[in-house]
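Take the sequences, apply the hints, and build the full model.
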Amino acid sequence: MQKSTVESRSLPHETQVVHKPKNNLLKRYLTPKEPIRKREKNTLGALPFLLILGLWSLVTYTGLVDELFLPTPTGVVTSLYEMTVHQGFLMDVWTSVYRIMLGYFLAALVAIPLGIFMGSYPSFRSFFEPITGVMRYLPVTALIPLFILWLGIGETQKLAVIFFGTFFPLVFMVMDVSSNVSKDLLHVSYTLGAKRKTVFTKVLIPASMPGVMDSLRTVLGWSWTYLVVAELVAAQAGIGNVIMTAQRFMNTEQIIAGVLVIGALGFFSDRIFMLLYRKFFPYMSTR
Amino acid sequence: MITIEHLEKTFETPKGNVTALEEVNLSIDHGQFTCIVGASGCGKSTLLKIIGGLEQPTVGTVSVDQKINPEPGQDRGMMFQSYTLYPWLTVTENIEFGPKLNGVTVTERKSIVDHLIRSIGLTKFKDLYPSSLSGGMQQRVALARMLANDPSILLMDEPFGALDAQTRAMMQNLLLKLWEENHKTVLFVTHDIDEAILLGDVIYVMSSHPGKVKKRIKVDIPRPRADQIFSNKTFGDLKAEITELLFDENEKNMNLA
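Chains A and B, in that order, give the protein sequences. Its first residue numbered 1, the first sequence is counted upward by one per residue in our numbering. Its first residue numbered 288, the second sequence is counted upward by one per residue in our numbering.
Treat the hints with care, as some may be off.
Partial list, computed: chain A residues near chain B (C-beta under 8 Å) [what the hints assert, rightly or not]:
hint	residue
1	80
2	82
3	182
4	185
5	187
6	190
7	191
8	192
9	193
10	198
11	263
12	264
13	283
14	284
Just so you know, the hints here were simulated from the structure itself, not pulled from any lab data. Keep in mind it's a predicted model, so treat the numbers as computed, not measured. We put the beta carbon where it would ideally sit given N, CA and C, even for glycine.
This is how it looks when you write it as structure tokens:
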């Protein structure tokens, strides 16, 4: 005790030193869960795009890679412009978006109520879970020949691919959401005077909604995959068809343009879902 | 008045039947504040759920105001340890949920809600969602929501169990204050011996595996009670007695395991 007092007294100059917090970037970035500034977040997020673009430019403009395998960025942009202005590419985009909206909308229309019922009532779950559990492992891509046989090569076949591709994952995700609604929440509602039906409509459904929205958002991303799969086979229009046709003419520029447009559309639809989520569920805090 | 006779509750599990409650007999007078203490696994939450009508007894009867094994209803309000506010409703909307269901008019609802929000001291927060409230505030709203239906019986399942010590003390005082105004019948489950003695007229000590009533203890400490009872002689004696009863239980459970 005595000794330490003496020691601390003998070092008065130590307390004079102002310890500046060290702005050690690396240390901060490598600390788990340590938040970073918004500007840093945006910069870090944009970096990979720039890196890819840089690398892409490097290997194409220098002629390191043959243009047949990888065209230049300007080539792709020019091609996209040509397609839009002279080849009616916007119509293809619209056709694809429309197919997604319809197929995905129909899937959601059936999957959401079914999922909520399965998650809420063990009776429904026992009835539907085994059969849907088997069916969701049937690869939709392998069913395409059958769809063509049964439904032809028109619009219905394309909708069927998107519908079956998104329906089963959606059912299971929604089921999980509603089966995770806490039982205490239901119990407390009964003691507040709610009957079975009201507990379902006024508690279970609203409690499931944010999770349902999350599932919709995830599955929408997957629906683009199924769209392209559907359009690669016997389509007259659509982004997938454009890509397929371009392949036949070895038009790599158009292939890449088509892929990039799908990526952009997916990204924007995801953003829209995020905004809708914030608007509909202002009470969900951490978003 | 709640009367429980020869109550037994068995749950089917993959490992066979488990008896949660066995030969429970108790009677609770109108307006009495009853605490139930016991180690975990003594079936105290199950007992509360059976009285609330959320579980059915395997054997025996629970009668609440002459109704035998009643369905859940707004005459028995319930509160849980977990936060059970509706996240999509504001504080006001949460509190008026019950009255709205039961067809209370808008004007009446407003006066009920205003009164309750004031008594839990959350007037400033009335339009906020639960996610922006602290745990203690959320439980205050849950208390108000339960009282909004004006139930004659309050079933409280460790409602303050998840709160920090200071918030819990504040909630206990709030509950006592409200109870002294209306003297509703309260069944309060807790594992906190201090809390049981502070709040209860009667304490049932339960044994576990299977859950049984081990002893009924009357708390002869005058009301209004407050923090000073912790230095009261009777308080010390009761605490020693209950501690010993529960200690025996823990010993037994240890040996079982």
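Verification of the hints:
1. Interface restraint check: residue 80/A against chain B, minimum CB-CB distance 43 Å, threshold 8 Å, status violated.
2. Checking residue 82/A against chain B by beta carbon gives a least distance of about 50 Å; that is not within 8 Å, so the hint is violated.
3. A hinted interface residue such as residue 182/A counts as satisfied when its beta carbon comes closer than 8 Å to some beta carbon of chain B; here the least separation is about 7 Å, so the hint holds.
4. The beta carbon of residue 185/A is positioned within 8 Å of a beta carbon in chain B (closest approach about 5 Å), and the interface hint is therefore held.
5. For residue 187/A, the shortest C-beta to C-beta distance to chain B is roughly 5 Å, which falls under 8 Å, so the interface hint holds.
6. With its C-beta approaching chain B no nearer than about 4 Å, residue 190/A sits inside the 8 Å limit, and its interface hint holds.
7. For residue 191/A, the shortest C-beta to C-beta distance to chain B is roughly 4 Å, which falls under 8 Å, so the interface hint holds.
8. Below 8 Å, beta-carbon pairs count as interface contacts, and residue 192/A has one with chain B at about 4 Å; its hint therefore holds.
9. About 4 Å separates the beta-carbon of residue 193/A from the nearest beta-carbon of chain B, less than 8 Å, and the hint is met.
10. For the restraint placing residue 198/A at the interface with chain B, the shortest Cβ-Cβ distance is roughly 7 Å, inside the 8 Å limit, so the hint holds.
11. This hint is violated: residue 263/A has a C-beta 34 Å from the nearest C-beta of chain B, more than the 8 Å allowed.
12. Hint status for residue 264/A relative to chain B: violated, with the closest Cβ pair at about 33 Å, above 8 Å.
13. Satisfaction of the interface hint for residue 283/A is found here, the shortest Cβ-Cβ separation to chain B being roughly 4 Å, below the 8 Å cut-off.
14. Hint status for residue 284/A: holds, given a least beta-carbon distance of 7 Å to chain B, under 8 Å.
The structure fails to meet hints 1, 2, 11 and 12 from the earlier list, while all remaining hints are met.
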